[in-house]
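*Asks:* One-letter residues, chain by chain:
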Amino acid sequence: MFVLHMDTASEHTPSTARARSRRWAQGGSAQAFGAALLAAPLAWAAATWNTAETPRGTPVAMARSGAAPLPTRLSETGLYVAGSTTVIAPENAAFVPQYPLWSDGASKRRWIALPPGTQIDASSRDAWVFPIGTRFWKEFSFGERTETRYIERLADGSYRYATYVWDAQLGDALLAPEAGIRGARELASGVQHDIPSGSDCRSCHEGRRSPVLGFNALQLSPDRDPLAPHREELPPGALDLPELVRRELIVNLPAELLEHPPRIDAPSATARAAAGYLFGNCANCHNAEGPLAVVGLDFDQAVGAEGGHTRLATSVALRRSRFRLPGETASFRAVPAQPEHSSLWFRMQARDPQNQMPPLGTKQVDAAGLQLIAQWISHDLPAPPPSTQR
Amino acid sequence: MNQSIISNLALSASLSVAVALAAGCANSDSSGSPTAAALPRTAAEAILPEAQIARGHHLVSTSGCHDCHTPWKMGDKGPEPDFSRALSGHPEAMQLPPAPAPQGPWMMSAAATNTAWAGPWGVSFTANLTPDRETGLGEWTRDTFIQTIRTGRHLGRGRPILPPMPIPAYQNFSDDELGSIFAYLQTLPAVKNHVPEPLPPSAPVAPSVKLSKAEL
Numbered sequence: 001m002f003v004l005h006m007d008t009a010s011e012h013t014p015s016t017a018r019a020r021s022r023r024w025a026q027g028g029s030a031q032a033f034g035a036a037l038l039a040a041p042l043a044w045a046a047a048t049w050n051t052a053e054t055p056r057g058t059p060v061a062m063a064r065s066g067a068a069p070l071p072t073r074l075s076e077t078g079l080y081v082a083g084s085t086t087v088i089a090p091e092n093a094a095f096v097p098q099y100p101l102w103s104d105g106a107s108k109r110r111w112i113a114l115p116p117g118t119q120i121d122a123s124s125r126d127a128w129v130f131p132i133g134t135r136f137w138k139e140f141s142f143g144e145r146t147e148t149r150y151i152e153r154l155a156d157g158s159y160r161y162a163t164y165v166w167d168a169q170l171g172d173a174l175l176a177p178e179a180g181i182r183g184a185r186e187l188a189s190g191v192q193h194d195i196p197s198g199s200d201c202r203s204c205h206e207g208r209r210s211p212v213l214g215f216n217a218l219q220l221s222p223d224r225d226p227l228a229p230h231r232e233e234l235p236p237g238a239l240d241l242p243e244l245v246r247r248e249l250i251v252n253l254p255a256e257l258l259e260h261p262p263r264i265d266a267p268s269a270t271a272r273a274a275a276g277y278l279f280g281n282c283a284n285c286h287n288a289e290g291p292l293a294v295v296g297l298d299f300d301q302a303v304g305a306e307g308g309h310t311r312l313a314t315s316v317a318l319r320r321s322r323f324r325l326p327g328e329t330a331s332f333r334a335v336p337a338q339p340e341h342s343s344l345w346f347r348m349q350a351r352d353p354q355n356q357m358p359p360l361g362t363k364q365v366d367a368a369g370l371q372l373i374a375q376w377i378s379h380d381l382p383a384p385p386p387s388t389q390r
Numbered sequence: 001m002n003q004s005i006i007s008n009l010a011l012s013a014s015l016s017v018a019v020a021l022a023a024g025c026a027n028s029d030s031s032g033s034p035t036a037a038a039l040p041r042t043a044a045e046a047i048l049p050e051a052q053i054a055r056g057h058h059l060v061s062t063s064g065c066h067d068c069h070t071p072w073k074m075g076d077k078g079p080e081p082d083f084s085r086a087l088s089g090h091p092e093a094m095q096l097p098p099a100p101a102p103q104g105p106w107m108m109s110a111a112a113t114n115t116a117w118a119g120p121w122g123v124s125f126t127a128n129l130t131p132d133r134e135t136g137l138g139e140w141t142r143d144t145f146i147q148t149i150r151t152g153r154h155l156g157r158g159r160p161i162l163p164p165m166p167i168p169a170y171q172n173f174s175d176d177e178l179g180s181i182f183a184y185l186q187t188l189p190a191v192k193n194h195v196p197e198p199l200p201p202s203a204p205v206a207p208s209v210k211l212s213k214a215e216l
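So the sequence lines, in the order shown, correspond to chains G and B. Under our numbering, residues 1 to 390 are what the first sequence spells out, in order. Under our numbering, residues 1 to 216 are what the second sequence spells out, in order.
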């Protein structure tokens, strides 16, 4: 084993490391030159990895090309009535997904705005098409308003993502830099809430059929799951499927989805809630059609499809996991009756960046979600027939 | 392995890694534009798989990939990459004692194979880049590979890629160059080698996981 020397990471930035490399290249020994070049990427990576600094910089919109720049203040995005940062504009409708994403206990409020006279096209029941100009807002509060995320569908059909960070003194929220902000707020001793970067936004939102994750037929079903962790009460007038129809905000929604609202097909209440939790928290990456389809882990749920839980169980029960639990030479995604030997459960209870799932957007374990998954694996996840075990 | 061999490995490996990474870094000039583009390249080359693979081979050979992703062994003239296991990552069977804790100015250490690295981030193990479907990049797509480098995240959206992988340097590669690298990697002999998961800094030893009855 050998040990390499480098200066403390905090002294380095990419530019200073490169400058030092150049200096050594000009006057230093070959070994020093090599060490400098080695130190540059390592120092940058280590600094990036561990920094607790708040890299506040010039706000840069997380925008695709061709669109007007985003407003620098949230109050200018149309969320509130003019002159206010508390009164929601009447044209913006609240909604609450039945399986909310865990966000370290943040309380959240969400709104959608469609351009006047436009409607959502629900022809594809699992991938609604939103009109150009559709906007979404999601407000995160940890005791007080911390950030409000924003999604907008642009004229070319693409989506852009932004985050506005609340400034209590200003009474408004300001557009965050593309790189996000590390350590924007302390959640607990030594645990900081990060404002996501543009890359983080795209990683989560662009991994499946629609970049809009919490506004779909299953999430807005009036047949809401009473066991969903962190379920929220619907505020008055909140959108669900009947309300969308009543307000004529949607077209081509199959009538059967109103007669028989979407509900995950599962053999028990726990299985339904577990499948819903995994749908709401994991299916944005782990599905059968996005870039991670190669992993073969599918937490998606198709509206109205039979066997939703069966498909999920087939995807995890005694299926070999590429991830190996510490001390194991072979691990499974889920071992029926043994959550502690299931990589699914293990990675959910981890909160180190190397092992944790989800890898983004959370620094604290979701105790309620974890308990639900443990109960599901313990009691409601059937073992597949031996011939199908892989 | 005795101490003198370890010392030799340390010096030679550190020099080699530094030089290799220097080669990697040298793909970008100070303006950030990729100098590898200076290689002869025509429109025809861009679409011919053979040319793409050759270009990928060149980039892999000049960007230091072997220095960490190919395990090192002791050769007649000192430590050298073991090309019989080219780009197959940290050897699965290699048993390592706990890494020394980062202390003072000595922040990082590496195993003699150059495939396991310890530092403030924990312990990282270099990936198997061969096209083995189960343990390497066999199931990956070109786009997944590009996004991994672009985002610095496993599979483009998972855990962070850890040091010493020089992600910032490699982010200077164009999509074409990364696609060429991927095309070349897919031509390698597949090596079945399940690289261990990285270890977090707080848990150098496998944590004991037990559920209470209340949780069940």
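No lab work stands behind these hints: they were computed from the structure. For clarity, every value in this text was computed on a predicted model and none was experimentally measured. Worth double-checking, as some hints may not be accurate.
List time: in silico SDA-like cross-link candidates among lysine to any residue, alpha-carbon distance up to 20 Å [stated by the list, open to error]: (1) B:Lys192 to G:Arg324; (2) B:Lys192 to G:Arg319; (3) G:Lys363 to B:Ala86; (4) B:Lys192 to G:Lys363; (5) G:Lys363 to B:Gly158; (6) B:Lys192 to G:Ser331; (7) G:Lys363 to B:Gly152; (8) B:Lys192 to G:Thr329; (9) B:Lys192 to G:Val294.
*Asks:* Among the hints numbered above, which are violated by the structure, and what are their numbers in rising order?
*Replies:* 3, 4
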